[in-house]
Amino acid sequence: MIDSAMILAAGRGERMRPLTDKTPKPLIPVAGMSMLERSLDRLIAFGITNIVINVHYLGQQIIDRVQGRAHIIVEDRLLGTGGSVKNALPVLGNKPFFVVNGDGLWREAKEPILTRLKNRWDDERMDAFLLIQSMHKVIGREPKDRGDYFLEPRGRLRHRGTAPLSPYVFASLSICSPRLFRDSPDGPFSLLELWNRAEAEGRLYGTIHDGDWFHIGTAEALATAERILGQSPG
Numbered sequence: 009m010i011d012s013a014m015i016l017a018a019g020r021g022e023r024m025r026p027l028t029d030k031t032p033k034p035l036i037p038v039a040g041m042s043m044l045e046r047s048l049d050r051l052i053a054f055g056i057t058n059i060v061i062n063v064h065y066l067g068q069q070i071i072d073r074v075q076g077r078a079h080i081i082v083e084d085r086l087l088g089t090g091g092s093v094k095n096a097l098p099v100l101g102n103k104p105f106f107v108v109n110g111d112g113l114w115r116e117a118k119e120p121i122l123t124r125l126k127n128r129w130d131d132e133r134m135d136a137f138l139l140i141q142s143m144h145k146v147i148g149r150e151p152k153d154r155g156d157y158f159l160e161p162r163g164r165l166r167h168r169g170t171a172p173l174s175p176y177v178f179a180s181l182s183i184c185s186p187r188l189f190r191d192s193p194d195g196p197f198s199l200l201e202l203w204n205r206a207e208a209e210g211r212l213y214g215t216i217h218d219g220d221w222f223h224i225g226t227a228e229a230l231a232t233a234e235r236i237l238g239q240s241p242g
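Heads up: the sequence shown begins at 9 in our numbering, then just goes up one per residue.
I should point out that these hints are in silico values taken from the structure, not numbers from a laboratory.
Errors might be hidden in some of the hints.
Said to hold, decoys possible - Restricting the straight-line Cα-Cα distance to at most 35 Å, the calculated cross-link-like pairs of lysine-lysine (DSBU-like) are:
| id | residue 1 | residue 2 |
| --- | --- | --- |
| 1 | Lys30 | Lys145 |
| 2 | Lys118 | Lys152 |
| 3 | Lys103 | Lys145 |
| 4 | Lys145 | Lys126 |
| 5 | Lys118 | Lys145 |
| 6 | Lys152 | Lys30 |
| 7 | Lys126 | Lys152 |
| 8 | Lys103 | Lys126 |
| 9 | Lys103 | Lys118 |
Construct the complete structure from the given sequences, taking the supplied hints into account.
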């Protein structure tokens, strides 16, 4: 049973300015509810009892909004995705846990995605298990997007590397084992560094999301998400 999760919510959201000048990106409302609160509610409904949220930029707003529903870690400096999770390991514990981007936004399909990830996690074979989405299905896709991964046989992932394009993007959710962080650097670093190592060791896997996934990188993408979610909340 996976009972811990971390929501990454410390970033500045520079590309969403001026919306993020006074509001941290995870708290920007989309069809009446912020991206962070959508993820938080889903984690709680799933049964996650130990939720960690890291904050930095305008962090007090997130602290006030969460109101005791999660353990807050205030970062004096930005630690990156990898550094932030490593910093939270004493709270997350010694079992696999979910990691969710604070601006992650998705709609469920037939099976709730947290359930789907949990049921496909194999602790003996995997150090990280990523949700991916087909490039052509990304809502809010930008012309510059080139994809992140190829899906190999038996569910292994291979990073795009120097290839001009790849068919799948990382879709803001993963399960990570504490093993992933062995011998990891101190200070700021990206989870991608550890995923690349897991890939080289044959321990990076993924599964394709079968619902909608939104890339909220621009005001236009935000407007599109509001229109879609406003028509059918998810």
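Consistency of the hints with the structure:
For the hint linking lysine 30 to lysine 145, the alpha-carbon distance of about 31 Å falls within 35 Å, and the restraint holds. Restraint check: the Cα-Cα separation between lysine 118 and lysine 152 comes to about 31 Å, which is no more than 35 Å; the hinted pair holds. Annotation: proposed proximity of lysine 103 to lysine 145 holds, straight-line Cα distance about 33 Å (limit 35 Å). Distance check on the hinted pair: lysine 145 and lysine 126 sit about 23 Å apart at the alpha-carbon level, within 35 Å; holds.
A hinted pair counts as satisfied when its Cα atoms are at most 35 Å apart, and lysine 118 with lysine 145 qualifies at roughly 17 Å. Under the criterion of a C-alpha separation no larger than 35 Å, the hint pairing lysine 152 with lysine 30 is consistent with the structure, at around 27 Å. Restraint check for lysine 126 and lysine 152: the C-alpha separation of about 32 Å stays at or below 35 Å, so the hint holds. Taken as a hint, the lysine 103 and lysine 126 pair is honoured in the structure, with Cα atoms around 13 Å apart against an allowance of 35 Å.
In summary, the hint linking lysine 103 to lysine 118 is supported, as the alpha carbons are separated by about 27 Å, within the 35 Å threshold.
Consistency with the previously given hints is maintained throughout, with no hint failing.
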